[in-house]
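Engineer: Sequence:
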Amino acid sequence: MKYNNGTLIRRTLLLFNVESCVNTKHIRFSFDAYRDKKQHWDIEHVNSQNDSDLQKNEERKAWMERVKDLLTAEKDKDEKAAVYLAEINSYIEIYNEGGAVSHDKYKDCYSKITHYFDPDNENIDKDRLGNLTLLDSGTNREYHDSPFPYKRQCIIDKDR
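Take the sequence shown: its position 119, counted from the start at 1, is 118 in numbering that gives the first Met the number 0, and no numbers get skipped.
Keep in mind the hints are simulated off the structure, nothing from the lab.
A hint or two may mislead.
Estimated spans, in silico, between C-beta atoms of each pair [stated by the list, open to error]:
1) Asp107 with Ala72: 37 to 43 Å
2) Pro148 with Phe28: 31 to 37 Å
3) Lys79 with Gly129: 37 to 43 Å
4) Gly137 with Leu14: 20 to 26 Å
5) Arg10 with Pro148: 26 to 32 Å
6) Ser136 with Lys24: 35 to 41 Å
Predicted, not measured: the structure shown is a model, and the values here were computed from it.
Quick reminder that beta carbons are idealized off the backbone N, C-alpha and C, glycines included.
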């Protein structure tokens with residue numbers, strides 16, 4: 000089952016979401032929200048399909064702020080996280096002062112961070128069912144190309 004078979008993927012993911020709610024016994028799946036024409040549901044890649052193409056400084060800074068929180072939680076456990084956190088903080092400082100980080104530096108930083116959080120990211124078929132989820136469009140757009148731990152936290156917060 001792959002991304003390009005949208006109808007089958009959508010139905011399978013919907014069934015998975017319903018079953019997950021049934022198994023928790025504390026949450027009821029909101030069929031009304033799913034059928035609401037105002038609220039669109041997306042089939043989303045958990046590990047981003049494309050490298051980040053955030054072009055605007057505000058978008059890049061927002062991505063770095065999300066990653067900063069993740070790295071802060073990791074820095075005491077892993078020296079690499081502390082190094083990456085220092086790099087992210089220096090770039091955020093540049094943005095805060097009205098400057099910009101070059102496209103090459105940003106892409107290098109993005110690549111290092113995504114590899115740090117998911118070292119096998121480039122070895123998976125990103126269009127297979129195991130890398131897909133069904134999300135409402137609002138939640139989907141909240142996290143853009145953030146690493147998986149951030150996406151996971153967004154979804155958990157939204158469920159609450």
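Engineer: All the hints need checking, so say for each whether the structure fits it.
Structural biologist: Each hint, compared with the structure:
1. Asp107 with Ala72: 37 to 43 Å: 23 Å, violated
2. Pro148 with Phe28: 31 to 37 Å: 25 Å, violated
3. Lys79 with Gly129: 37 to 43 Å: Hint violated: Cβ distance 26 Å, outside 37 to 43 Å.
4. Gly137 with Leu14: 20 to 26 Å: 22 Å, holds
5. Arg10 with Pro148: 26 to 32 Å: 28 Å, holds
6. Ser136 with Lys24: 35 to 41 Å: With a Cβ separation near 28 Å, Ser136 and Lys24 fall outside 35 to 41 Å, so the hint is violated.
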